[in-house]
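Enquirer: Residue numbers (the working numbering), protein chains in the order written: chain A, 1 to 774; chain B, 775 to 1059.
It should be emphasised that the hints constitute simulated quantities derived from the structure, not laboratory data. Just so it is clear, the structure is predicted and the values come from calculations on it, not from any experiment. Any given hint might turn out to be false.
Stated by the list, open to error - Okay, derived cross-link-like pairs now, DMTMM-like style, lysine to aspartate or glutamate, Cα gap no bigger than 20 Å in a straight line:
hint, chain 1, residue 1, chain 2, residue 2
1, B, LYS816, A, ASP695
2, A, LYS177, A, GLU77
3, B, LYS960, A, ASP200
4, A, LYS306, A, GLU191
5, A, LYS337, A, GLU191
6, A, LYS536, A, ASP558
7, B, LYS960, B, GLU1008
8, B, LYS960, A, GLU703
9, B, LYS816, B, ASP854
10, B, LYS816, A, ASP470
11, B, LYS960, A, GLU641
12, A, LYS177, A, GLU138
13, A, LYS306, A, GLU138
14, A, LYS295, A, ASP170
15, A, LYS96, A, ASP127
16, A, LYS337, A, GLU291
17, B, LYS960, A, GLU632
18, B, LYS816, A, GLU122
19, A, LYS96, A, ASP165
20, A, LYS337, A, GLU151
21, B, LYS960, A, GLU291
22, A, LYS588, A, ASP695
23, B, LYS983, B, GLU958
24, A, LYS96, A, GLU122
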Amino acid sequence: MTASGSILGHAVLRREDPKILEGGARYFDDLPIDRMLHVVFVRSTIAHAEVTSVDTSEAVGMPGVVGVYAGDDLELEPIQGFVMLPPVFARPPFAKDRVRFVGDIVAAVVAETRAQAVDAAELVIVDYEPLPVVVDAEAALADGAELLFPEHGSNLAIEFDFGEDPTVLDGAEVVIKQTMVNQRVAAVPMEPNGIIAMSDGEGGLVCHVPTQNPHGLLQPIAAATGLDEDQIRVVAPAVGGGFGAKAGMYVEFAVAAKAALVLGRPVKWTETRSENMVAMTQGRAQVQHVEMGLKRDGTIVGVRVKIYADGGAYPTIGAFLPFLTRTMSQGVYAIPKVEFTSWSAATNTTPLAAYRGAGRPEATAFLERIIDIAADELGIDPVQIRKQNFIPPEAFPITTVTGANYDVGEYAKAIDEACRVAGYAELRAEQAARRERGDVLQLGIGVSAYVEVTAGGLFQEYGAIEVHDDGSVSATVGTSAHGQGHETAFAMIVQELLGIPMERVTVVQSDTALVPRGLGTMGSRSLQIGGSALYKASEGVLAKARQLAAHLLEANADDIVLTDDGRLGVAGVPSSALSWGELAVAAKSGDGVPAEIGESLPPGMEPALAYALDFNQGEATFPFGAHIAVVEIDTETGNVELLRHVAVDDCGRILNPMLVAGQQHGGIAQGVAQALWEGFAYDDDGNPLTANLMDYAMPSAAELPSFEASNTETPTPLNPLGAKGIGESGTIGSTPAVQNAVIDGLSHLGVRHLDMPLGSQRVWQAIRDARTSA
Amino acid sequence: MFPSRFDYVAATSVDEAIAAKGDGGDETRILAGGQSLLPMMKIRLANPSKLVDINGIPGLDVLERVNGHLRVGALVRHADMVASDLTFGAVESAAPWISDPLVRNRGTVCGSVSHCDPEGDWNSVLLATGADVVARGPSGERVIPIGDFVVDLFTNALNEDEMVTEIRIPVPSGRSGGAYLKLERKVGDYATVAVAAHLELGGGGVITKAGLALTSVAPHNLKVTDAEAALVGEMPSEALFAEAGELAAAASSPRDDVRGTAEWKRQVVRTFARRALATAAASAG
Ligand SMILES: Cc1cc2nc3c(=O)[nH]c(=O)nc-3n(C[C@H](O)[C@H](O)[C@H](O)COP(=O)(O)OP(=O)(O)OC[C@H]3O[C@@H](n4cnc5c(N)ncnc54)[C@H](O)[C@@H]3O)c2cc1C
């Protein structure tokens, strides 16, 4: 790639990959740290109970054990999960009088080896007095429901009530009503959770944590341990996926951190997979009561939604996410009225938090489902009914009735492209033929159109560029990649603006000692906010370099250009151009630098060829797209096979199509998984039924077809890259497309709605019920 | 994550393995591929006091056809079965359905057979094809028909001081065909329902021998003897196979679980038994 041709828009290979593929990437569990101790947790096996006694006496005497803690032993403060929720829901790291879910921590054992800690933990004896259990959010809010926090007086964590609107369905010729379950799913990152906490030798702590947001852990770890934030350093080494579940604080971090301080040795917690399935926050878990009013011609007049959201045992950000569901509940449609109410409840289950999409997929899911039911009932083609209700391109920017400020949108373009790629008309013909013949294998075609919000609420990010004496560059940024490929993307931006080859750009991230501030990687914000911060910082450095070069070459800064070989010189006089390294040396202050160079700075210019800033986009962006899924249903067994999945996702201007495709493919896989296989289930006693990967049906590439992912490009005006987020689009678009496809495949039998996951049994049952009632 | 403490013996001969196993009583287990035993030990569902590792015993990896049998030694891995061109019918059809490549590379056929997990695939194949299990103890070798070997859930007919050295699957000499149909939620999942079918045809195409066995729908892999009896002496037909499917569904006793309801599983048995027999008949040519 020459400096003169733009690198942006090219499928540059991920420079992270060789290290990851060859085993060179260091995850926290790989870090070679001396004198390490290991902590293992004793977790409740009962969903709801009073803890009558915790006997640690036998465990204490086991070989290698250096500490056994429970109750108030470590003097840890309860951890407040999310600012907007009542403090009563704060989670004590050690459950004391009461355990509230299977997985709640009762005690911790620290030993010289992990095996010793496991052996000793088995000997901690906990006596429980079982209490009645609530596992369902709606039931948790009913009169007389067992209370998790009796002092709070109810299980209600937070309510979003924007007022009743009795006119919301006025003018409707048909009203479609449906209750839908957007089921609970586990995040299942390939690398489970953990931490290494160790002294920094000066009374403070260094924590190596597989987190999406190192800076975000400073405050809660400080609050839990009693240290000041500036006494804590958090480093996220290589991180094996997060999907939102690694965005926040965990009580386990507090225990490990405090134990490291108390014991004066490094303490490591490595979560096992079985532990991960109950201890890591989970996603979705909404019951949605939806009504949509339409004219007979398919025009939508209004939508009413009532949502019961599960917050889990210690409600945290998951309880807040229905707010985002509301924000997106107008979707891509010109819906004049939306009434929305939600209630989030505490239940005896694993706490809920962000999971790929975080509140927005739930909105797309109910809209795309209800509009499909409407299409079926009104006899309108699903693509047609969507197109006739789309917000038209000329309406943008637009503020929706739920208060979202959509930046740009060309929804028909995306769905038309998806239809073209899928061969929509031919698929419908094939479906009709199979129905006509009464084939055992029936075809289902599912459509979804979506708009989502990226970088919502997290508009600002730190970015800094510094050019070094050898002409190399450091690009420092407050986002924190954990698989996305930011090292590649961000280095491309620097090359684009400075003409310095990306191989010479070091991306500095994920360490609070090296990056002054940051908001981490979540909500599909990193390229648009972090990347734009680096874009702006690069511009700043370039402006400074031009001034400096102008000064040194006795020219006008306006005449200084970036040459084809990546130097700065006077336009038309390439021989006199200065390299980045020469300029970096010249930009140094007088201190320790030869006088003639120190004096080379123009008057008023700060030393160092560096520029730092906080980029603020001020608003969110709203990527959109359309997906079409094709499934084949074995009507004798109910087995569903996804034959094709077509995705057209518009994330604005594309910087690296390979990185975008990576996010689309991974996102689609997770979204399809929710539609067809995944669902975290509890029995009535609050026992998890799917707490390992034998029972929890997470698919792999073997179950999935090769996705047909492409893009339209509608740049956002909100940032210099024109980029919107792509991290969650695949998930948001795919789930309803696949769910709709399965139901579409059965609609000729009279099936109107089925909840996810659409496993074979549920599908067969629907076929059988439809046939018996026909 | 970590097993409880245990002793470990790396046997270098079958005699040594049998002696070591006999010494320890029922707390001692043979370690073959470890693909069932080690996961159970790691979650401490199994806490054997001693493991006798047979992986270093020479000669147990025999996989050959002799005297009208396919001999599958105690160290033949599932992956060897996938790769081999000595397999046939239901045996060939089932091999790639065992879990995923990682498990197939380590797990052994004989380990699976010994384990008697009703969700394991091999015992249905052996029941359908009429295989024998060869066991060795201090007093020598005995040959146990698979129907006698599979006693119950996780229970086989071995004595404490015996181990399985090989299984012998009869290789049909005339027209024959077989199939293994498995419904699983994802690769690496155990069967929700699976069916093994084996047919041998005589002159004029009449069924002379029939095998039909079910996975995951009873406390142990289940041979559907009345369906087999109904098939023998008949000409293959859709109606016949549908009838066999009904008998198979009736014989099964599945349970409700996270994978689905008993009623539905029975429907899958019905469908898969019919389809597996049809495939078996078609492949018999
Ligand atoms: C993730 C996963 C998925 C799986 N999916 C499937 C599947 O889809 N279908 C399927 O059929 N299986 C499946 N399995 C099980 C797998 O097939 C095992 O390999 C098999 O059940 C046991 O064989 P092994 O050699 O690993 O035996 P081991 O685990 O070593 O032993 C199993 C038991 O048999 C005993 N044993 C072993 N060999 C002998 C012998 N020669 N004589 C006497 N006793 C013996 C052991 O003492 C132990 O009790 C799966 C396993 C895993 C981990």
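Enquirer: The structure should be examined with respect to each hint, and the outcome stated for every one.
Expert: Comparing the hints with the structure gives:
no.: 1; hint: B/LYS816 <-> A/ASP695; in the structure: 17 Å, holds
no.: 2; hint: A/LYS177 <-> A/GLU77; in the structure: 46 Å, violated
no.: 3; hint: B/LYS960 <-> A/ASP200; in the structure: 46 Å, violated
no.: 4; hint: A/LYS306 <-> A/GLU191; in the structure: 36 Å, violated
no.: 5; hint: A/LYS337 <-> A/GLU191; in the structure: 44 Å, violated
no.: 6; hint: A/LYS536 <-> A/ASP558; in the structure: 19 Å, holds
no.: 7; hint: B/LYS960 <-> B/GLU1008; in the structure: 37 Å, violated
no.: 8; hint: B/LYS960 <-> A/GLU703; in the structure: 6 Å, holds
no.: 9; hint: B/LYS816 <-> B/ASP854; in the structure: 26 Å, violated
no.: 10; hint: B/LYS816 <-> A/ASP470; in the structure: 53 Å, violated
no.: 11; hint: B/LYS960 <-> A/GLU641; in the structure: 11 Å, holds
no.: 12; hint: A/LYS177 <-> A/GLU138; in the structure: 18 Å, holds
no.: 13; hint: A/LYS306 <-> A/GLU138; in the structure: 11 Å, holds
no.: 14; hint: A/LYS295 <-> A/ASP170; in the structure: 10 Å, holds
no.: 15; hint: A/LYS96 <-> A/ASP127; in the structure: 12 Å, holds
no.: 16; hint: A/LYS337 <-> A/GLU291; in the structure: 12 Å, holds
no.: 17; hint: B/LYS960 <-> A/GLU632; in the structure: 16 Å, holds
no.: 18; hint: B/LYS816 <-> A/GLU122; in the structure: 13 Å, holds
no.: 19; hint: A/LYS96 <-> A/ASP165; in the structure: 45 Å, violated
no.: 20; hint: A/LYS337 <-> A/GLU151; in the structure: 38 Å, violated
no.: 21; hint: B/LYS960 <-> A/GLU291; in the structure: 35 Å, violated
no.: 22; hint: A/LYS588 <-> A/ASP695; in the structure: 61 Å, violated
no.: 23; hint: B/LYS983 <-> B/GLU958; in the structure: 28 Å, violated
no.: 24; hint: A/LYS96 <-> A/GLU122; in the structure: 19 Å, holds
Of the hints listed earlier, those the structure fails to meet are numbers 2, 3, 4, 5, 7, 9, 10, 19, 20, 21, 22, 23, in rising order.
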